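Trainee: The task is simple: from the sequences and hints, build the whole structure.
Taken in sequence, the protein lines are chains A and B.
Counting along the first sequence from 1, when you hit position 16 you're at 16 in the numbering used here, and nothing is skipped either side.
One rule links them: number in the numbering used here = place in the second sequence (from 1) + 1000.
By construction, these hints were calculated from the structure, which means they are not laboratory data.
Any given hint could turn out to be false.
Stated by the list, open to error - For each label pair, taking beta carbons as the anchor points, the in silico distance ranges come out as:
{"#": "1", "chain 1": "B", "residue 1": "1123", "chain 2": "A", "residue 2": "164", "range": "29 to 39 angstroms"}
{"#": "2", "chain 1": "A", "residue 1": "13", "chain 2": "B", "residue 2": "1125", "range": "49 to 59 angstroms"}
{"#": "3", "chain 1": "A", "residue 1": "108", "chain 2": "B", "residue 2": "1123", "range": "56 to 66 angstroms"}
Unchecked claim - Some chain A residues flagged as far from chain B (calculated, every beta-carbon gap over 12 angstroms):
{"#": "4", "residue": "18"}
{"#": "5", "residue": "76"}
{"#": "6", "residue": "99"}
{"#": "7", "residue": "104"}
{"#": "8", "residue": "138"}
{"#": "9", "residue": "193"}
{"#": "10", "residue": "195"}
{"#": "11", "residue": "198"}
{"#": "12", "residue": "218"}
{"#": "13", "residue": "226"}
As the list claims (entries may be wrong) - The following residues of chain A were derived to be distant from chain B, with all beta-carbon distances above 10 angstroms:
{"#": "14", "residue": "26"}
{"#": "15", "residue": "50"}
{"#": "16", "residue": "70"}
{"#": "17", "residue": "86"}
{"#": "18", "residue": "87"}
{"#": "19", "residue": "147"}
{"#": "20", "residue": "151"}
{"#": "21", "residue": "178"}
Model, not experiment: these values are computed from the prediction.
Here a beta-carbon is modelled for each residue, glycine too, at the ideal position from N, C-alpha and C.
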Amino acid sequence: MLDVKQLSARYGHVEALHLIDLTVGANELVAVLGPNGAGKSTLLRSIMGLTSSSGRVTFAGTALPRRSASAIARRGVVLVPEGRGIFAPMTVAENLQLGAYQIGGGGAEFAARLQHVLSLFPRLKERLSQTAGSMSGGEQQMLAVGRALMAKPKLLMLDEPSLGLAPKVVAEIMETLGRLNAEGLPILLVEQKAPLALKFAHRAYVIANGRVAAEVNPREIKSYDELARYYFS
Amino acid sequence: MTSLPATIFRELRDPLNLVRHLPTLLAVGLVLYAIVAGGYVVALAGFALIYAVFVTGLNIFMGLGGQASFGHNAFAAISGYTSAVLTTSYGWETLPAMGVGVLGAVTLAVIIGYPTLRLKGHYLAMATLAIGLIVYEIAVQWQSVTQGYTGISGIPPLGIGKWEAASDRAQLIVLSLIVILAMLSAWRIRNSRFGRALVAFSGSEDAARALGIDVARYKLAAFVVSAVYAAIAGSLLVHIVGFVSPEVFGMSMVIAGFTMLYVGGIGAVVGPLVGAVMINLLPETFRGLKEYQDIIYGVALIMILIYAPGGFASMSTLWRGAPSEDDTIARDPGLAVNALEAKP
Chain A
1 MLDVKQLSAR YGHVEALHLI DLTVGANELV AVLGPNGAGK STLLRSIMGL
51 TSSSGRVTFA GTALPRRSAS AIARRGVVLV PEGRGIFAPM TVAENLQLGA
101 YQIGGGGAEF AARLQHVLSL FPRLKERLSQ TAGSMSGGEQ QMLAVGRALM
151 AKPKLLMLDE PSLGLAPKVV AEIMETLGRL NAEGLPILLV EQKAPLALKF
201 AHRAYVIANG RVAAEVNPRE IKSYDELARY YFS
Chain B
1001 MTSLPATIFR ELRDPLNLVR HLPTLLAVGL VLYAIVAGGY VVALAGFALI
1051 YAVFVTGLNI FMGLGGQASF GHNAFAAISG YTSAVLTTSY GWETLPAMGV
1101 GVLGAVTLAV IIGYPTLRLK GHYLAMATLA IGLIVYEIAV QWQSVTQGYT
1151 GISGIPPLGI GKWEAASDRA QLIVLSLIVI LAMLSAWRIR NSRFGRALVA
1201 FSGSEDAARA LGIDVARYKL AAFVVSAVYA AIAGSLLVHI VGFVSPEVFG
1251 MSMVIAGFTM LYVGGIGAVV GPLVGAVMIN LLPETFRGLK EYQDIIYGVA
1301 LIMILIYAPG GFASMSTLWR GAPSEDDTIA RDPGLAVNAL EAKP
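Mentor: Below is the structure:
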């Protein structure tokens, strides 16, 4: 589905990504792990066209434009950014409407997508008329994921969805992601909490210093010390 | 989508909402009082209504789109001067002259907006400030057309065909109708796909792009739409006053517009009207204080911005103690619910 080849990105003189190769297959949930500052968020931003980069990214067999996030989103690649990126002054309903921006804010297709999202996150149904900024962190993360799902993604990318959330809420969100993946949605998940990500992932890449330090099969990992070695490689 | 009258009715059913919308009701009441009472207050209300249109444009670009512009006086000047020259030198009627003026302002907005809107924050503010200053200098130097500081006088009043809004009251009624149209259109914009996209990228450009919103295109569109309001205000100003000189569209217009926007409530559809009426009438309230008038006026503005940072339109938060769920009457939280209910 997603094929990343030789992806590199720089912030001025600092090389944030160096010749990254990565794939996400159909129906796969792939985790990207690594310490702070390893380049995980830059990787997602580069794939999404939000950060300038070199290399080649293809999705469903066609190359993605390198600097047009809106064009990439129209191809069905949707990112839930770090820090959620919800539109705080808007209501939950308006945020969800923006998720379905490409089909407009109404109609049967919109209603069907909305019903699907509200069935995944029933708490959002109670909050539709509430301003998004006034919700709890967990609810905001649900909204961020729900908004992304309103776009009916062909590939969902999430940047640290567990950041700053209570374990119970994280579990709820991760279980929903696992269910979506089981229904056939490919997911690329950037996550610092390795045990959490590996519980749901089919494969994982460990990134350190902007490079792929290892590609691992979660079921073959005997201990997290083994992962930690890659972190500090 | 819920209609505007239905939204207003829903809002005013709750006595607490009546209190919340007191500044708006007060502003509307003052304009109605001016129409009935006549005299000096008519002129003040007229200026307030013209500025309400100008600030509505600023509100779309700044309040919804989260951008900064110190140069919208340029669009008002282009439209105002075009209207003045076409009606006085070439004998055009008011409406077509205004139309050409607005078209000129839109053309300039597209030409300068395309490169300028790549800038952000302070840089964008400085670039737009430069545009305002350049247009001001052209108005001063291009004497064969603008007559420089002497200005152009004898500009006909607003009118359609043979009918002219000759009396102060008639002008005020026409201006009131234009402001109602401006508010309604701003409300429609806020609740449209376009409006939601503006609010989205004002919060996070990256998040908006990641949803497929073409931020650069919408920024330009917001700039052009806001220029249309500024241009209409510019033409209205010259036809109401009957005179135009470069000072009419100087930096004072930008400063007044900003003050009205923030005092009224940036981002709120009714904010420009409330701000324009308050800022035009507040100094008159302190006229009895003579030499202390400006000091008290300044202190009053500071107090308003400290205790109601969202402007008069958000004053409800003062006694609610929580963010207003609906700081603009434009919000339509039932959209998604309606869509859900509409599903067969």
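Trainee: Now tell me, hint by hint, if it's right for this structure.
Mentor: Structure-based check of each hint:
1. Remark: the range hint 29 to 39 angstroms for residue 1123 (chain B) to residue 164 (chain A) is upheld by a beta-carbon distance near 32 angstroms.
2. In this structure the supplied range 49 to 59 angstroms is violated for residue 13 (chain A) paired with residue 1125 (chain B), their Cβ-Cβ distance being about 30 angstroms.
3. In this structure the hint that residue 108 (chain A) and residue 1123 (chain B) lie 56 to 66 angstroms apart at CB is violated, the actual value being about 45 angstroms.
4. Distance check on residue 18 (chain A): its Cβ is at least 23 angstroms (rounded) from any Cβ of chain B, clearing the 12 angstroms threshold; non-interface status holds.
5. Remark: the non-interface label on residue 76 (chain A) conflicts with the geometry, its nearest Cβ contact in chain B lying 10 angstroms away (cut-off 12 angstroms).
6. Once the 12 angstroms rule is applied to beta carbons, residue 99 (chain A) is inconsistent with being away from chain B; the minimum gap is 6 angstroms.
7. The claim that residue 104 (chain A) lies off the interface is violated: its Cβ sits roughly 6 angstroms from the closest Cβ of chain B, which falls inside the 12 angstroms cut-off.
8. With 12 angstroms as the threshold on Cβ separation, the claim that residue 138 (chain A) sits away from chain B holds: the shortest Cβ distance comes to roughly 18 angstroms.
9. Every C-beta of chain B lies more than 12 angstroms from that of residue 193 (chain A), the closest at about 23 angstroms, which supports listing it as non-interface.
10. With a cut of 12 angstroms on Cβ distances, residue 195 (chain A) stays outside the contact zone with chain B, its closest approach being about 28 angstroms.
11. With a minimum CB-CB distance of about 26 angstroms to chain B, residue 198 (chain A) clears the 12 angstroms threshold, and the non-interface call stands.
12. With a least beta-carbon separation of about 27 angstroms from chain B, residue 218 (chain A) lies farther than 12 angstroms from that chain, consistent with its non-interface assignment.
13. Once the 12 angstroms rule is applied to beta carbons, residue 226 (chain A) is consistent with being away from chain B; the minimum gap is 34 angstroms.
14. No beta-carbon of chain B is positioned within 10 angstroms of the beta-carbon of residue 26 (chain A); the least distance is around 22 angstroms.
15. Consistency note on residue 50 (chain A): stated as away from chain B, yet its beta-carbon is not over 10 angstroms from all of that chain's, at 5 angstroms minimum.
16. Chain B draws residue 70 (chain A) into its interface by the beta-carbon criterion, the shortest separation being 5 angstroms against a cut-off of 10 angstroms.
17. A Cβ of chain B approaches the Cβ of residue 86 (chain A) within 10 angstroms, the least distance being about 8 angstroms, so the stated non-interface status is violated.
18. A beta-carbon of chain B is positioned within 10 angstroms of the beta-carbon of residue 87 (chain A); the least distance is around 4 angstroms.
19. The Cβ of residue 147 (chain A) sits about 7 angstroms from the closest Cβ of chain B, inside the 10 angstroms cut-off, so the non-interface label is violated.
20. With a least beta-carbon separation of about 6 angstroms from chain B, residue 151 (chain A) fails to lie farther than 10 angstroms from that chain, contradicting its non-interface assignment.
21. Residue-level check passed: residue 178 (chain A) sits 23 angstroms from the nearest beta carbon of chain B, beyond 10 angstroms.
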